[in-house]
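There are 2 protein chains.
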Amino acid sequence: MISSYTKELVEKSSEIRKMFEEGKKLAEKIGKENVFDFSLGNPSVAPPAKVGEAIKDIIDKEAPGFVHGYMANAGHPQVREAIADDLNKRFGTDFDGTDLIMTVGAAGGLNIMMRTLLDPGDEVIVFAPFFGEYRNYIRNFGGNIVVVPADFEDLKLNLKALPDLISEKTKAVIINNPNNPSGVVYGEEEIKELGSILSSAEERIGHPIYVISDEPYRELVYDGVTVPFVTKCIKNSIVAYSYSKSLSLPGERIGYVAIPKQIDDHDAVRDGAIAANRVLGFVNAPSLMQLAIQECIGEKTDVEAYDRNRKLLYNGLVDIGFECIKPQGAFYILLKSPDKDEKVFTETAKNHGILTVAGTSFGCPGFVRIAYCVSEDTIRRALPGFKEVALELGVKKD
Amino acid sequence: MISSYTKELVEKSSEIRKMFEEGKKLAEKIGKENVFDFSLGNPSVAPPAKVGEAIKDIIDKEAPGFVHGYMANAGHPQVREAIADDLNKRFGTDFDGTDLIMTVGAAGGLNIMMRTLLDPGDEVIVFAPFFGEYRNYIRNFGGNIVVVPADFEDLKLNLKALPDLISEKTKAVIINNPNNPSGVVYGEEEIKELGSILSSAEERIGHPIYVISDEPYRELVYDGVTVPFVTKCIKNSIVAYSYSKSLSLPGERIGYVAIPKQIDDHDAVRDGAIAANRVLGFVNAPSLMQLAIQECIGEKTDVEAYDRNRKLLYNGLVDIGFECIKPQGAFYILLKSPDKDEKVFTETAKNHGILTVAGTSFGCPGFVRIAYCVSEDTIRRALPGFKEVALELGVKKD
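Protein chains in written order, with the working numbering: chain A, 20 to 417; chain B, 20 to 417.
The following block holds chain A by itself, in its conformation from the complex (with noise of 0.2 angstroms):
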């Protein structure tokens, strides 16, 4: 008696379990250290130890009454204020304390969004490949997805299948800089080309179309690559942010919205973002951990592992004679299955122990996500594997 939506839901979600429940046995059956899981996005690299450090000092030095106790729904006042400083510094942005919402996570700043922007039946553009729950995140509330199919080529935004795509319907576009499952950046001028598209759309169909950057890998960029700040770029856009992975406190749900002024209909979204945060049930985003953030703008997470895994694994699987998107940021790589059907792939690859997952849980068919959030251990005993992996689903180097 679960509603239709939840029982679709569940039974989607069990093909992921199924995947690491059979984990689970095959730890069993060959022992948990012949296992190489590239299957999370959970970071490897632990949080820089002034979280920890932050954390105590605020427990020692300030009332618990202040440290756990309800603040605004949008987050307190003197964590947004010094958040947004630093965006301003480090992006000649001018947010203040007040355009910014702290979120559980990134995954809570959508769905506030989706909560703030979509009646039932309104629309929300996203760009395959993209991160599989943007779908639960519009249907949540009604409202619809519109995929643009992916460009091959070099799977940037394809801009091209994005203007027959749009419709009154289109409340907002939802995009993934950089990228997961693709480890893309996309560049400041694809960005203003996206933002120069919707403003035509706008005056074609009398309403805005919010564009909402989804950014918690903005930190992880290799090659000297530079990650565009949005709001520069397109008039009506938002940040959804989260510390997860630029300072690996995943489990913690600590994020923000940053709605700059620029936006058509300002105060009545950043209203409606707030009382959503209240509604949904997040009320307000953990009150000791956004105490902690304050203390810990300018900390960074070790940049330089992640870009070790990168090169050993790309040049490892490319060695052996896979096509791969070269990542320039996030921590994954897609890899194009040697067979049309990727399952053919993650299933022959999970018989040499390595859990990869389908690219059509991302709307990218074809191809498979690796995940190089591991220890430079596991993906040099993984090698092995890919190579015979590779033997036996015919590939060959050029």
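Since the hints were derived computationally from the structure, they do not count as laboratory data.
One thing to keep in mind: the hints can contain errors.
It does not matter which identical chain is meant; a pair holds if it fits inside one copy or across any two.
[Unchecked claim] Heads up, simulated DMTMM-like pairs for lysine to aspartate or glutamate below, C-alpha to C-alpha not over 25 angstroms straight-line: (1) Lys69 - Glu81; (2) Lys26 - Glu142; (3) Lys359 - Asp338; (4) Lys80 - Glu314; (5) Lys26 - Asp284; (6) Lys188 - Glu30; (7) Lys75 - Glu314; (8) Lys69 - Glu314; (9) Lys345 - Asp104; (10) Lys31 - Asp141; (11) Lys26 - Asp286; (12) Lys188 - Asp138; (13) Lys280 - Glu100; (14) Lys37 - Asp286; (15) Lys31 - Asp284; (16) Lys37 - Glu100; (17) Lys179 - Glu318; (18) Lys280 - Glu30; (19) Lys43 - Asp286; (20) Lys355 - Asp338; (21) Lys359 - Glu187; (22) Lys26 - Asp141.
Got chain A sorted already, so can you dock chain B onto it with the hints?
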């Protein structure tokens, strides 16, 4: 261009915000020390010292990747098992860890249950007076609220009015025990009668009706009253719990839902709720706080302090001549407005620096909610103001 749902939400929310802003202006005008804020349910008792000690201890002893990392969406297994064991010991239940889902407070728990159970157009029954946010939690997912009018005799569950309000669309009933705003505790007999009415209805309509009991105030009871454990009284019942009030951690957003094995479709409901916890963007309850809760099982807030406040305020108000519902639990008193329109009371009280909340927001017009989670001194100094309000409204001691 925000959704019509959110637009209405913000308009209604701003009424409350307006009150707070007026409260601030009042403080500027007559001095902060002359403003008596009885409007908020923010615990006045500090959290037990053990909470801070546990947090520091966990950070010192455990690996940071574990403390702050992802875990199963339902929460840390060892935390859920420890809570299940404690419930079983205290209430004679037979939960195991897999029956519990750690949630972002009870508000998060109620939202995931609504997401799990409701298709658009489904109905959820609540008993007036009720916590006004239930209205939003239900509407978040297209559900309709059905309000059982209050029985003003004693503000117990109005079971006589219930059967006619059950329809084929009824999916759930939310109760709140002890009740916010009335402070009433529903007894074992009436909970069992509720169960028997629902069980007849279930046979008639052919599907389960789940009772979701919102119990953040379970431990805040006075005069030796006990709160019956709902799953021992009603087969299809689920508990939504929060540590916000019992450990004074409202800003940390930590609680759980307990879904007993006895309910119809247990696994579907449990797995649905876990998936809902994920897709609504909670992902999981904050990790460090889950681990701290495990160390604080058995810790208690200072119920005596709230009881002293309760007696001081209740006796004071009754001595003045006001009619009040004598609370047995939580930290609210419901006062019957001398004028049928309770805004006459709230406005008059505001002129004396006293902030209270109109009962209309709780489905209880003609009443005013007074939150006594304040300092004893605040109550003592506010009583002369209440007396002047009584004089102005023509209230006389019998």
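Checked hints:
| no. | hint | result |
| --- | --- | --- |
| 1 | Lys69 - Glu81 | both (17 angstroms within a copy, 15 angstroms between copies) |
| 2 | Lys26 - Glu142 | both (22 angstroms within a copy, 18 angstroms between copies) |
| 3 | Lys359 - Asp338 | within (21 angstroms within a copy, 81 angstroms between copies) |
| 4 | Lys80 - Glu314 | both (13 angstroms within a copy, 22 angstroms between copies) |
| 5 | Lys26 - Asp284 | between (36 angstroms within a copy, 12 angstroms between copies) |
| 6 | Lys188 - Glu30 | between (29 angstroms within a copy, 24 angstroms between copies) |
| 7 | Lys75 - Glu314 | both (11 angstroms within a copy, 17 angstroms between copies) |
| 8 | Lys69 - Glu314 | both (8 angstroms within a copy, 24 angstroms between copies) |
| 9 | Lys345 - Asp104 | neither (34 angstroms within a copy, 50 angstroms between copies) |
| 10 | Lys31 - Asp141 | both (23 angstroms within a copy, 23 angstroms between copies) |
| 11 | Lys26 - Asp286 | between (37 angstroms within a copy, 11 angstroms between copies) |
| 12 | Lys188 - Asp138 | both (10 angstroms within a copy, 22 angstroms between copies) |
| 13 | Lys280 - Glu100 | within (15 angstroms within a copy, 47 angstroms between copies) |
| 14 | Lys37 - Asp286 | between (45 angstroms within a copy, 16 angstroms between copies) |
| 15 | Lys31 - Asp284 | between (37 angstroms within a copy, 18 angstroms between copies) |
| 16 | Lys37 - Glu100 | between (44 angstroms within a copy, 23 angstroms between copies) |
| 17 | Lys179 - Glu318 | neither (39 angstroms within a copy, 61 angstroms between copies) |
| 18 | Lys280 - Glu30 | between (42 angstroms within a copy, 20 angstroms between copies) |
| 19 | Lys43 - Asp286 | between (49 angstroms within a copy, 21 angstroms between copies) |
| 20 | Lys355 - Asp338 | within (14 angstroms within a copy, 79 angstroms between copies) |
| 21 | Lys359 - Glu187 | neither (36 angstroms within a copy, 47 angstroms between copies) |
| 22 | Lys26 - Asp141 | both (22 angstroms within a copy, 15 angstroms between copies) |
When held up to the earlier numbered hints, the structure conflicts with 9, 17 and 21 and fits the remainder.
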